[in-house]
Each structure stands twice: as C-alpha cells, then as structure tokens.
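Asker: Protein sequences, first through last, are from chains S and C. Using UniProt numbering, the first residue of the first sequence is number 1, and each one after it goes up by one. Using UniProt numbering, the first residue of the second sequence is number 1, and each one after it goes up by one.
Because the hints were derived from the structure by calculation, they are not lab data. Do not rely on the hints blindly, as some may be mistaken.
The list makes no distinction among identical chains, and a pair is therefore deemed to hold if it is satisfied within one copy or across any two copies.
[As the list claims (entries may be wrong)] Using 16 Å as the maximum straight-line C-alpha spacing, the simulated EDC-like pairs for lysine to aspartate or glutamate come out as follows:
no. : residue 1 : residue 2
1   : Lys480    : Glu146
2   : Lys65     : Glu103
3   : Lys319    : Glu269
4   : Lys255    : Glu297
5   : Lys342    : Glu466
6   : Lys449    : Glu474
7   : Lys115    : Asp256
Chain by chain, the residues run as shown.
There are 2 protein chains.
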Amino acid sequence: MSAIFEILDKDAGGRIGKLRTPHGVVETPTVMPVINPNIQLISPKEMRSFGAEILITNSYIIYRKEELRTVALEKGLHELLGFDGPIMTDSGSFQLSVYGSVEVTNEEILGFQEKIGSDIIVPLDIPTPPDVHFRRAEEELATTAERLEAARKFIQSKQLLAGPVQGSTYPELREKAASHLKDLNFEVYPLGAVVPLMESYRYAELVDVIAASKKGLSPTSPVHLFGAGHPMMFALAVALGCDLFDSAAYALYAKDGRYITSNGTYHLEKLNYLPCSCPVCSRYTAEELRKAKNKEELLGRHNLYATFAEIRLIKQSIKDGKLLELVEQRCRAHPKLLDGLKRLYTHSAWLEQFDPATKGTYFYCGPESASRPEVLRFGKRLERFSIEGSAIIRTSPVKGEKDYDRILTFKAPFGTFPAEMEEVYPFNAEVPKFPDYEALSTSLSNTIKLMDLNPGAEFTFICEKEFQHPLIEEIGKKAKLVYREAWKKE
Amino acid sequence: MSAIFEILDKDAGGRIGKLRTPHGVVETPTVMPVINPNIQLISPKEMRSFGAEILITNSYIIYRKEELRTVALEKGLHELLGFDGPIMTDSGSFQLSVYGSVEVTNEEILGFQEKIGSDIIVPLDIPTPPDVHFRRAEEELATTAERLEAARKFIQSKQLLAGPVQGSTYPELREKAASHLKDLNFEVYPLGAVVPLMESYRYAELVDVIAASKKGLSPTSPVHLFGAGHPMMFALAVALGCDLFDSAAYALYAKDGRYITSNGTYHLEKLNYLPCSCPVCSRYTAEELRKAKNKEELLGRHNLYATFAEIRLIKQSIKDGKLLELVEQRCRAHPKLLDGLKRLYTHSAWLEQFDPATKGTYFYCGPESASRPEVLRFGKRLERFSIEGSAIIRTSPVKGEKDYDRILTFKAPFGTFPAEMEEVYPFNAEVPKFPDYEALSTSLSNTIKLMDLNPGAEFTFICEKEFQHPLIEEIGKKAKLVYREAWKKE
Chain S
1 MSAIFEILDK DAGGRIGKLR TPHGVVETPT VMPVINPNIQ LISPKEMRSF GAEILITNSY
61 IIYRKEELRT VALEKGLHEL LGFDGPIMTD SGSFQLSVYG SVEVTNEEIL GFQEKIGSDI
121 IVPLDIPTPP DVHFRRAEEE LATTAERLEA ARKFIQSKQL LAGPVQGSTY PELREKAASH
181 LKDLNFEVYP LGAVVPLMES YRYAELVDVI AASKKGLSPT SPVHLFGAGH PMMFALAVAL
241 GCDLFDSAAY ALYAKDGRYI TSNGTYHLEK LNYLPCSCPV CSRYTAEELR KAKNKEELLG
301 RHNLYATFAE IRLIKQSIKD GKLLELVEQR CRAHPKLLDG LKRLYTHSAW LEQFDPATKG
361 TYFYCGPESA SRPEVLRFGK RLERFSIEGS AIIRTSPVKG EKDYDRILTF KAPFGTFPAE
421 MEEVYPFNAE VPKFPDYEAL STSLSNTIKL MDLNPGAEFT FICEKEFQHP LIEEIGKKAK
481 LVYREAWKKE
Chain C
1 MSAIFEILDK DAGGRIGKLR TPHGVVETPT VMPVINPNIQ LISPKEMRSF GAEILITNSY
61 IIYRKEELRT VALEKGLHEL LGFDGPIMTD SGSFQLSVYG SVEVTNEEIL GFQEKIGSDI
121 IVPLDIPTPP DVHFRRAEEE LATTAERLEA ARKFIQSKQL LAGPVQGSTY PELREKAASH
181 LKDLNFEVYP LGAVVPLMES YRYAELVDVI AASKKGLSPT SPVHLFGAGH PMMFALAVAL
241 GCDLFDSAAY ALYAKDGRYI TSNGTYHLEK LNYLPCSCPV CSRYTAEELR KAKNKEELLG
301 RHNLYATFAE IRLIKQSIKD GKLLELVEQR CRAHPKLLDG LKRLYTHSAW LEQFDPATKG
361 TYFYCGPESA SRPEVLRFGK RLERFSIEGS AIIRTSPVKG EKDYDRILTF KAPFGTFPAE
421 MEEVYPFNAE VPKFPDYEAL STSLSNTIKL MDLNPGAEFT FICEKEFQHP LIEEIGKKAK
481 LVYREAWKKE
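So that you can see chain S by itself, here it is in the shape it has in the complex (with noise of 0.2 Å):
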C-alpha cells in the first residue's frame, strides 16, 4: 500500500503526496482534466502543457460506443485518447444516478476496464444523492459496499482499483462506510455523490461529508473528491485531506461561456476586461474573446491555466505552512464558503493530529483564524508553563515589569505565554493590532485556564482599553487588572 501513495509535505489536513500509476506517477494534490471520447475541446495530449499529470474519462461511453469500443479494446485506452500518461476510468455510476440504470453490470464494466488498461479502475458503485430518506441511502450504501467487495475479488492486476465512499449527506453512513472500505485495501477512494451539494454551494455539508469520509479511511490513502473541478473550493477540500480532483468544468463552462476563476465564475457576456494574467487573459481583452472563431477552445484554456494554477499555489502553501491561510482567504470569496470554512474549523481537533508542530509564520485572516488547529493546541497544553510567585502578564513591554517573578506575554488569539518565547513558532504570529472579539475569546479563556493552573502565582493583568469583552471582568476576578494608560502613572 504505502508504495502506492506516499506522502512528501502535510499542513493541516493536506498534503502533497506521489500516486505510482502503471503508466506513471502523479504528484498531488492535482486535477485530472475530463475527457470525453466523443468530443474534445483540447487534445488529451495538449493536457500536459496546462500542467496536468492525469486524465480522466468515461469506461461507460466508450463501452456502450461500437467504434470507441473496439479501438480500446485493440489497441487500449492510452491509444484511443493518444495520452500516455496515468488515466482513471469513470464506471458509468453518473450515468446510473442520471438515468436510474445502466445497460452493463460491475463485472462486466470492471472487465471492460482491465482489459483496455485503466489506471485507476472505479466499480459501479451506487451515488446516493443528499437529503434521501435515511433508509435509502443505507440499503444503497449495502449494495455499494456488495459492489465494491466483488471489485475487490475481481481486480487483482497491478492496476489501482477505487473503493467510492457513499451515503449521501449522513455523516455517520459515510463514516461507517469509510471504515468498511478501508479494510478491503482499494488503493484510491473517491468521495461520490458531491456534486450536488458543490452545485447548490451547501459547502458546510460538503465540510461534514468530507471530514467524516475521512475519519474511517486511513489517513495514508489518496482520497478523490469525485465531481470537483471548480478551483474555489480546491484550497478547502485539500486541507480536509482530498488529493485527487476532476474537472469536466473546464470544457462544460466553456461550452456555456463561463469563465473560471479561484474566486468564483463569470460569464464571459458580462466581462469588462478578462481579470487574469494567463496566456489567454494576456493576449485578448474580453471583447475580442467574445467575437473570437475558438471562443469556446479559448475559455477552456483559460479555464484550464486557472484551475492549475490554484493547484501550484495549494502545492506551494502546503510547502510553506499556509494552506489555512489561503483556505481563509479563498473561503472570502462567497459567504456559502465561509459557512464552509467555519464548519472547517469545528473539525480543527481531528485536524490538529495531522497539523505539523512547527512550521511556516501564522497569519492571522479573521475571526475564523482564532479556531485553528494550532490555537486549538496551545490550549490544551497550557499546563507545560509552571507559573510561580508574582507574574505581569501584557502585550508588550512596561515599566517596572522587571520587579515581576514572571514575565509573560498576552498575545490573541492565542493568550498568555512566557515572553521569552515571543519569537517562538507560534507566538511569533503576525496579528492585526487590535483582536477580533473571537480573538479575544480564545486568548481570555486560555488566559483565564492558565491562572486556574497556576493558583500559587499573583498575576497582574495589563489590559489595552480596545480589549472590549466580558472576559476582561473575569480576569478581574483571577489578577490584579490594570488599564496601560494607568500603569503608566502609577
């Protein structure tokens, strides 16, 4: 298993990791372009130039296709697309949850995978939509799960087989699910039946869906957010631990004349000046994009050089120890994502374990910023500081604080700390210079914790006049509380 995927870099829940394909290995977290065998908009060969590493297509359409079918079971997959890099297989289940029925059973659609050499093979699972009785989706999941037992028995190449993790919008049949699959070993597993909830921007739930996926699967497996291809809410679904995107969104929007960007979509009718710096964006203003004969061949390499360049800056975040920060700021872009980002952060205990325990300069974006794993840590190891005798606790330097036992600092969102470790990741955070009142919410509580630790010490509290929360008058009650304007004249 662990020469199938093996992980580089992580920061909070994401990852950089190396996917071992019989036809190459896939660095992620990335994006596989969607092909469709019928029609292509950019070749499949061209793919690489935009930056990707895989591709995806359809078992199903080929199969059902007289002409397409012949030519992979001839010559193969890789001819027919004329790709000779890694390409994952779709089964026909988005045709199933389309049309109610497929005209193929598992076995037969895993077959027809083998043989034309798939990368990655997905069994024809069953995507159980959001908001089904709960009922449904745990007789579907049974037979998903029935599904995925006889793949595992049939496929037994050096090819990846894909274990879908159902159960619609129940967090606890995903879970469960989850924990079910991941004793059968599949060397990728694909979180089904999202695209739904991603079309009607329910990312809180899509958050829960996600998280609790995770929670039964082991965290070194490859996890494929299946139907995600919007680089939005690329930045969040990584640092919940997704490696694997697809995106037929590329072309689709194209077609429609939507223009992608990390920030959102526009139509390309109502585009002033074309807001990106990619070849496309640079060469032509938004009027001529509009009149040009390849306007849809253009919109979708613009939406291509998009996508993959939200791809390098999570790849690059996660190097640097900011993937949180950029999932702040992307989660800005549409308060449905900051529901998800929100969301994010009630899982930030389960996420703190796979946070590493020192790493790039935290930033603080917002009030979101103050739930962060490594908030979340500091507090619970607050007893690791003895605190004995008399002790200042402020913001930053007074006089006389040098007759103190201790001298300790008090620093939002986090709270109060040894001033020597000031410079220390992650007191060395940059903050805004007056906290957000969830700031302060934290960092008074911690500060409140750490007095109840210490009962032998006497503290002094140096309160700032902007500190405007009702904790100030709980710490009144725990330290001797001193505004700074009057310290200054004592």
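Take the given structure of chain S and dock chain C to it, following the hints.
Answerer: This is chain C only, laid out in the frame that chain S set:
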C-alpha cells in the same frame, strides 16, 4: 478640468476614469511601469503587451546625463524611450529625498520636462518622510507649496501638471495641503513620500494619509499614489480613490529574484512551484525559471503580468460593484493589511457619499463587512420605516406571523426591515448562516434604534439560539423576546 479626467464608473471611493493627455487617453485605475532611461529590462514599446497604457520615467536622470539629455531635447522624450503613448516624468524629488540635494532648480526641471514633451510634469517638491517632527513637516510643506505655486504659473501648455500632496504622517497637514492645491487646479495629484509606509507595512497609516488627502481634494481629480507598485495593496488604495500607481517594483524585484503576486511576494529561490497562470509561469517550472539565462527578464515579465491582471480584476470589480469584497479578500494576505482594512472602514461615513445607492449583491466576507458604507447608510435611514401596531421580527418565516400587522425581517449585519424588501438591494445580501459577533452588534443596534423610533408599535422578536450577544438582553426590554424553539411549541 472635467475634460481632462472623466469618471465613468464608481464603487466605494474607487472609480474607472479616462485621463486625457497630449499623447492619448489612459483608462484608470492603472499602473505606470517605471522606465529607467539607462537600463531597460523590458523595452518601453513592449509594455503595451502587458496592459500598460502610460509609462513614467525620471527627467532628472535624463537631464543629468549628457547623451540622454541631448537626444531628449532634440528628438523628444517619446523618441528617446521609443514609446508613442503618454509618459509621465518625475522631477528629481526622489533623488532629493535620498541624497538630500539635487543639482537642479524647480524652474529648470519644469522647463526641461516641458521641452522634452512630458505628458505629466512633476515639480521639484519636498518629499517629507513619515514620523518627522510636526514643525519640519510644516516647514517643508510651505516650501513645497511655494514651488507648486511657481510651477502652476510656469506651466501653461497643454501638458498636464502634477501637484504632489505632502505632509508626512500628519493627516491634518495632508488635508490642508490638498485643499490648498485644489484651488491651484493641477491636473493630477500625486500623494508623495508614502513609500516608507508601504515598505514597513504601515497600511493603517497609509489609509489615513490617503483619506486625509482625498478629503482635501476635489473628488473629480485624478490621484496618483506615488511609488506604489505592489498589486497586493492596489485594491485597498483604489477603494480610497487612487487612480494611478507606478511600478519600479516589477524590475527591482526581478533583480533580487522576488516574485510578485496579488497576495504578496515570494523569493524565487524558495518557490517549489510557480503559483500563477501567466505565460511565464505556465511555461516554466520554478526550477527551470531559476536556471534560465534570462531569469531576471522572465521574472520581470511575470511581475508585470501579475500586476496588470490585478488592475483588470479591480476594474471588473468596480463594474460589478464588488470592489469592497475584493479589498476585504486581498486584505487577508497580511494582518497589517487587515489593519489597513479596519482603518478603511473608520472612514465609512466619508466613503458612503461616493458609494452607489444600488450595486452588485452585497457579500459578507467577515466582521469588517459589518462596517461597510452600505451598512452604515442603512443605519442612518431607519426613520424611513414607520411601524405601527403589532410587528413580528424574524430571520425567516414563522408560524402565525400573518396575525401581525407588520412582518419584519432581521438580517445581520444590517438589522430589521420590512419583509417585503428581502429581495431588494442591499437586503438581498449573501451572508453566512450564522452571523459573527460584529455583524450582530450592528444589526441588533439598528434593531434597537428602529424600536426606539417607533415607540407606538408592539414588537415581537423571534431569536435564534445561535445569537449570543449582550444586546439580546436590551432587545428583550423593548420587545417580546421568544426563541424560535419556544415559538414552535406555542
């Protein structure tokens, strides 16, 4: 005057304008790439391909160097640089600020700029740095004023004359200087000596300097934030009413191996990936770029692509009425920019007069969004809602609400308004599911104000359990307060 600068679109303090110069019309906001007359990383004539519409160069350097001076005087500035579009010239003020003196008088350098055919002429003002004594700032400002008055008398051609606003970090001096210059009718107003503020990330003070200067100037005059070339802070500066920037950064940063993005700067040496979609970054890997023979030039090109893409995004955001959403997102790039954002909204009452009455859907991006001009405006006009009889306030429909005389909607960060206006701007706002503390502060205050304005009405407030805020108690004193859960059971 109005013929020289025409404002076409507005959003917050930002605008899209047309600046007419002897060598053509420039659409603002825009950046003027700085051309060093001695060394050119990228040739002036190529600048158009990146999106540049106007260049800036230093007339003092040309004046001081025999061979440049001769060509400029004989063939003109435009022939010297090989660019037939608008060119602004600096006067030597920068050299004055660095070396303490220059070997030219105000009249000499003005006359020289006029003769060589500069499109925007800059007098030899005194760039007073931040943090000097008030006395010095005042004295230098007096000298600057004299020189600008002389310049205004001296330059009477069709060439545009710039009147730089100085005053160090004293907002009152900046505003005073600006109102004085307003009466002298310059065509362009640079805000001078702000580079040290930007270099040390003092964005909050920069905001105050810009706002103070703008308050003194006519809102119809074009403003140039002299020395600002990093795209990270363009959106913030544009929202305050800056129209022109100049970038030496694209070349200076390239020389140092620094890679510009709209979210900050990377060192090429430390990049594993190129997190951008521009023609350079789509073609090269980080490793290849580091090893390229023309690394500096390629990096300069990337820096220009990134810079002008941000300008296009800003212009599109103004068109869409989404400039403040962009500002709020960009200001997450660094906590000091977040300080700048918070400071921006301390000027909301002033910004509100420029902000269109109706624009694109309001997106809530964080606590600062609660202080946007449109939220402030709503709070100032509560008297237009006259409420009588029984009134129910709720976030979404509840049972039995039709028994009330008036049905009102509560939506943070705004407050309470008639339910029939839910789909009207700004109440059609996209907001997170649960409001932040700051959003509750604004909306609950406005609700209390509405109740006070309508003492005859009987209010019932259906409260959500997620609303944790001290003002809820206040609401309880003025209205019947019922939690949604309890209401269901009634």
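Asker: Evaluate each hint against the coordinates.
Answerer: How the hints compare with the structure:
When the C-alpha separation of lysine 480 and glutamate 146 is checked against a cutoff of 16 Å, the pair qualifies neither within a copy, at 66 Å, nor between copies, at 56 Å. In this assembly of identical chains, lysine 65 and glutamate 103 lie within 16 Å of each other by CA distance solely inside one copy; the values are 12 Å within and 81 Å between copies. Only between protomers do lysine 319 and glutamate 269 lie at most 16 Å apart by alpha-carbon distance; the minimum there is 13 Å, versus 38 Å within a single protomer. In this homomeric assembly, lysine 255 and glutamate 297 come within 16 Å of each other (Cα to Cα) only inside a single copy, at 9 Å, whereas the closest approach across copies is 36 Å.
When the C-alpha separation of lysine 342 and glutamate 466 is checked against a cutoff of 16 Å, the pair qualifies only between copies, where the shortest distance is 14 Å, while the shortest distance within a copy is 25 Å. In this assembly of identical chains, the alpha carbons of lysine 449 and glutamate 474 lie at most 16 Å apart only when taken from the same copy (11 Å versus 30 Å across copies). For a Cα distance limit of 16 Å, the shortest separation of lysine 115 from aspartate 256 qualifies neither inside one copy, at 35 Å, nor across copies, at 54 Å.
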